[in-house]
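Peer 1: Each chain, letter by letter, is given below.
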Amino acid sequence: MTTAPPRLLAGAALLFWGGLTGHALVGLVAAILVEARSWLGLRWNFKRESYIKAWQFAILCGGCVVILAWVNGVKVGKIHTLFVWAPLILLPVELAQRYGNARKIPLNTFSFFARKKMARDIHHGRSISPRMINTGYAYIAVVILATAMASRDELHHFTGLSLIVGACLFFPMQKNGLRPWAWGSTMLLVLTLSFFGQWGMLKLYYYFTETQTGGSSRRTSANESRTSIGRLGRIKLSPRIFWRMQVSEGNVPGLLRTATYNQYSRARWSHDYAPSTARDDYDYLDPTNISVSQDRTIYTFSPEDNIQLPETDNIRIIGELDAGVIENPIPLPHFAFAIGDLGDEAGIECNSLGTVRMHNAEYNVVEYSVWTGESSTTEDPPAHQFDLGIPAQELQAIRRICTQLNLTRENLSTRAKIEILRDFFKTEFTYTTHLNTPNFDRGKRQSAVGIFLETTRAGHCEYFATATALLLREAGVPARYCVGFSVNEHDGSRDEWVLRGRHAHAWCRVWIKGHNKNNNVIAGHWEDVDLTPASWQSLEQDISSAWQRKLTDAWQRLREDFLIWRTRDTNKTKVIVAITIIITLLTLWITWRLWHSRQRPTQSKHNRYRRPKDSPSTALHKIEPLVAKKIGPRAGGTPLCQWLTGIIQLDPSLKEPLMTASRLHSIIRFDPKGATPEQHQQLASITAALRSAIKSTPAPNKP
Amino acid sequence: MTPQETAHLLEQSVSNIIRGQKKTIRNVLSCMISGGHVLLEDNPGTGKTTLAKAIAGSISNSQFSRIQFTPDLLPSDILGVSILNQKTSEFHFHPGPVFADILLADEINRASPRTQSALLESMAEGQATIEGSCHSLDGLFFVIATQNPVEFRGTYPLPEAQMDRFAMQCSLGYVSPEEESRILAEQNNGHPLDHLQPVVSLENITSLQDAVSHIRISDELRDYIVALSNATRSIEEVQLAASPRASLALMKLSQTLSLFEGRDFVTPETIQELAPDVIAHRLVIAPEAKFNGLTGRSIVEAILEKTPAPV
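Protein chains in written order, with this note's numbering: chain Y, 1 to 703; chain S, 1 to 311.
So here's chain Y without its partners, still in its complex pose (with noise of 0.2 Å):
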């Protein structure tokens, strides 16, 4: 930790973090900056506070890029992302080192109570002498872990990385003396950890990845939602505020959908298709977009080619997406006819059974606005494989409450066999999110819905609205069961309202045929049927204290109408010009303050010994060379003369020239008097006759 790397080092390795993270131009400034030390005269005397202010100042750099990241949506889990960025955020306390006469920096400087210590010392007048470190290796140590967090690039990375790793390792085996074998079993062995290294952290990192987006954590996905169904104890509901909405005219919609499933199994909801139709190989629906005026552009979810342009929007919905989630489903009322807003990179796609699924938005925090209708135009009609399948497990249990209930008797009307449901659940079930009942197990998840209709007749949202979706596909009625919001919370203050966690909530979504004057059958359309009994929403209490809860939800409204003010495209530019402002000033007083505290090199000529240039050169200095073949190298602190006796070893009839000589050179070179041509004439000579004897002296035997 004292010695200095050798120089363009750490430029290398910024040039290597920016070409592989993608900051390409960043690296080379940085890189510039960082070796512009040796092309440059310019010095500091900084002093111990400079040091302990740059590193304040890097501690703030850290700061102010963990808050842009959160502002950004970077969420915690997700922190050690940025440490992409630690090269620049240690670059000033790189470059005080650099630019530092001492070159070197206190190592309390990098520790509040050792600094404190250090001022205590000082008042009580003891002496101090803080350990001086050069962080120089530290600092491309930072460099190569923080390209490591940002590559992707596996060859060019383990490449790059062994060729920094084999030059830090070779300049300081160098200076003490290199063997090339001690060189290569540490290159080897360095590699060879390496290599191992990145093989691991990449399957890590794939393991993580995957499991992420297969779906193990309980995110709604558009494709499948896992339940608490059979899951033992209470579940807990978040009070955070997922999504906001704002309705400007019309109905309020009592729920809002955020993704439709039509497949159960196992306490899993999924999504399914018939692949026989248009959408083949993927279930969705692109839009058919519609631009209103410049800045606005309106999307519609139709098969048909005639649509008409909606009317003004009458709801406007903000919330942040689930940044693991690539494709997130967005909660939507119910007939919803167009989707409008989205931003410039953003795009919507739909499935079949209507769940709308947002991709590519700038940001996590969105804003959208949407236009209701007199119908759906997102949802295909009931397929049967799928909107009347029960599992095996559940079958019975489903049969004896149908038979129990008589829905399968026939000229039953699907509104007359939901209100039967309805009653039957609001009679003889109760609402509860704490399971803990001995009939229930791990094991029994895959009937978990029978015991529920038999057994407990207690459970939450998820029990109901799946029992429900079962009992009327055994009653022939295609259901399907749908997530999203329940919406009772209203915030008079700003006037919209509000969607929290505790308002999740799982219905069921019912095909309900429509019938003409002769009582024949001629089309259907879903509408929302949500049997859990209405006790439930009192239930869901806030647990947390009301001052914490309004702080909470005043700080996140504020960070996302931030973010959504600063992502439209006048306020982009207000935000750009702020920010270059600002950083400009703090450049500028910061140049100012370094220019007008610069000094010489401490250096002086003294420490940089080089031969005057109007000083003799004489003929001994010639053979310096070809003495150096027989005895070995000159230090540069050994003078010519006493070096030179080292030859009288290998041929000790050379001494006597060789004093001489020796003599002859120290007048000519040090005595200010000078020397007389023919002691020059006389030193020529000898050099030549000893310059002949050397050569034919043979080279000593190494051992």
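Everything labelled a hint here was simulated from the structure, so no lab data went into it.
It is possible that some hints are incorrect.
Distance condition first, Cα-Cα at most 25 Å in a straight line; then the derived DMTMM-like pairs of lysine to aspartate or glutamate [unchecked claim]:
#: 1; chain 1: Y; residue 1: K622; chain 2: Y; residue 2: D671
#: 2; chain 1: Y; residue 1: K550; chain 2: Y; residue 2: E624
#: 3; chain 1: S; residue 1: K22; chain 2: S; residue 2: E90
#: 4; chain 1: Y; residue 1: K613; chain 2: S; residue 2: D223
#: 5; chain 1: Y; residue 1: K695; chain 2: Y; residue 2: E624
#: 6; chain 1: Y; residue 1: K574; chain 2: Y; residue 2: E410
#: 7; chain 1: Y; residue 1: K104; chain 2: S; residue 2: E301
#: 8; chain 1: S; residue 1: K290; chain 2: S; residue 2: E305
#: 9; chain 1: S; residue 1: K23; chain 2: Y; residue 2: E362
#: 10; chain 1: S; residue 1: K306; chain 2: Y; residue 2: E624
#: 11; chain 1: S; residue 1: K306; chain 2: S; residue 2: E220
#: 12; chain 1: Y; residue 1: K655; chain 2: S; residue 2: D223
#: 13; chain 1: Y; residue 1: K613; chain 2: S; residue 2: E121
#: 14; chain 1: Y; residue 1: K655; chain 2: S; residue 2: D264
#: 15; chain 1: Y; residue 1: K622; chain 2: S; residue 2: E179
#: 16; chain 1: Y; residue 1: K655; chain 2: Y; residue 2: E624
#: 17; chain 1: Y; residue 1: K655; chain 2: Y; residue 2: D671
#: 18; chain 1: Y; residue 1: K116; chain 2: S; residue 2: E236
#: 19; chain 1: Y; residue 1: K673; chain 2: S; residue 2: E301
#: 20; chain 1: S; residue 1: K290; chain 2: Y; residue 2: D121
#: 21; chain 1: Y; residue 1: K622; chain 2: S; residue 2: E236
#: 22; chain 1: Y; residue 1: K629; chain 2: Y; residue 2: D651
#: 23; chain 1: Y; residue 1: K673; chain 2: S; residue 2: D264
#: 24; chain 1: Y; residue 1: K613; chain 2: S; residue 2: E301
#: 25; chain 1: S; residue 1: K23; chain 2: S; residue 2: E236
#: 26; chain 1: Y; residue 1: K574; chain 2: Y; residue 2: E349
Predicted, not measured: the structure shown is a model, and the values here were computed from it.
For chain Y, the structure is supplied; the task is to place chain S on it using the hints.
Peer 2: Same frame as chain Y, now just chain S:
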């Protein structure tokens, strides 16, 4: 008698008494001629006192004083004291041992700092202020102080300011077995000091000192001396580095040693030979570095290796 002859005679005379210490004798004599003072740090019985006596005995009419430093020694014991003459009712100044040409301050670190510092003014300025009146130390005034590097009980380490007053610190060390055997043979019939005859006079020494100022030194070598001193100032383990007084002493001693070597100009080899003895004792090393075995001498040797020497 030419200065070179004087130097040679003096060196030869002392070498006849102190065997096997040719280099140290030459350095100590150079120190005397250059007007500096020397601190001999060595084990008991290695010839420190004999060396001082041999130098004094080789110079005719030179006054030699010896002070054995003890904890109860007072400054007046060194400098002198004025005593009231009851007959004349006047104070008469009785000069102390400091008024001598060659002063041997034996085991200087055994006296209290107050007494040690009584020598400061004399060593730096060649005068002694006693009871308000200033007395000039005429003549040679060369201090040879000794201290024992092994025994530290009951000692007072010399303060940094006093260490800086010594132009050089060196040690005699043990002689080779052959030389030791020769010493035994020579002292079988009495100590050689008993038969020592002066070979040079104080006037010869004065002319030798004049001759030193004519020894030439190039600008390049002056820069080299400054570079060596300057290098001690950028070493973090050194709490107190070499002063300009150290550079000055190194230059003067290099000139004197060159004269003893028979040259009338200075070479880098001479500077390198003297640098550890002149600079090392002035450095104050950080305690943790000292604990790790770092010494002033090793620091100077490292500096000599790293600092490019004029070639």
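Peer 1: Next step is simple, just say for each hint if it's right about the structure.
Peer 2: Okay, the hints, checked on the actual structure:
1. Y/K622 - Y/D671: Cα-Cα ~20 Å, so holds.
2. Y/K550 - Y/E624: violated (84 Å)
3. S/K22 - S/E90: violated (50 Å)
4. Y/K613 - S/D223: holds (15 Å)
5. Y/K695 - Y/E624: holds (12 Å)
6. Y/K574 - Y/E410: violated (67 Å)
7. Y/K104 - S/E301: holds (24 Å)
8. S/K290 - S/E305: holds (20 Å)
9. S/K23 - Y/E362: Violated: S/K23 and Y/E362 sit about 84 Å apart, past 25 Å.
10. S/K306 - Y/E624: holds (19 Å)
11. S/K306 - S/E220: Given that 25 Å is the threshold and the Cα spacing comes to 17 Å, the pair holds.
12. Y/K655 - S/D223: violated (30 Å)
13. Y/K613 - S/E121: Cα-Cα ~44 Å, so violated.
14. Y/K655 - S/D264: Judged against 25 Å, a Cα distance of about 23 Å means the pair holds.
15. Y/K622 - S/E179: violated (42 Å)
16. Y/K655 - Y/E624: It holds: about 16 Å lies between the C-alpha atoms, which stays within 25 Å.
17. Y/K655 - Y/D671: holds (23 Å)
18. Y/K116 - S/E236: Given pair Y/K116, S/E236 holds - Cα atoms ~22 Å apart, limit 25 Å.
19. Y/K673 - S/E301: Cα-Cα ~30 Å, so violated.
20. S/K290 - Y/D121: This hinted pair holds, its Cα atoms lying about 21 Å apart.
21. Y/K622 - S/E236: Since the Cα atoms of Y/K622 and S/E236 sit roughly 38 Å apart, the hinted pair is violated (cutoff 25 Å).
22. Y/K629 - Y/D651: holds (14 Å)
23. Y/K673 - S/D264: holds (10 Å)
24. Y/K613 - S/E301: violated (28 Å)
25. S/K23 - S/E236: Violated, at roughly 32 Å.
26. Y/K574 - Y/E349: Not OK: Y/K574 and Y/E349 at ~32 Å, beyond 25 Å, violated.
Consistency with the previously given hints fails for numbers 2, 3, 6, 9, 12, 13, 15, 19, 21, 24, 25 and 26, ordered from lowest to highest.
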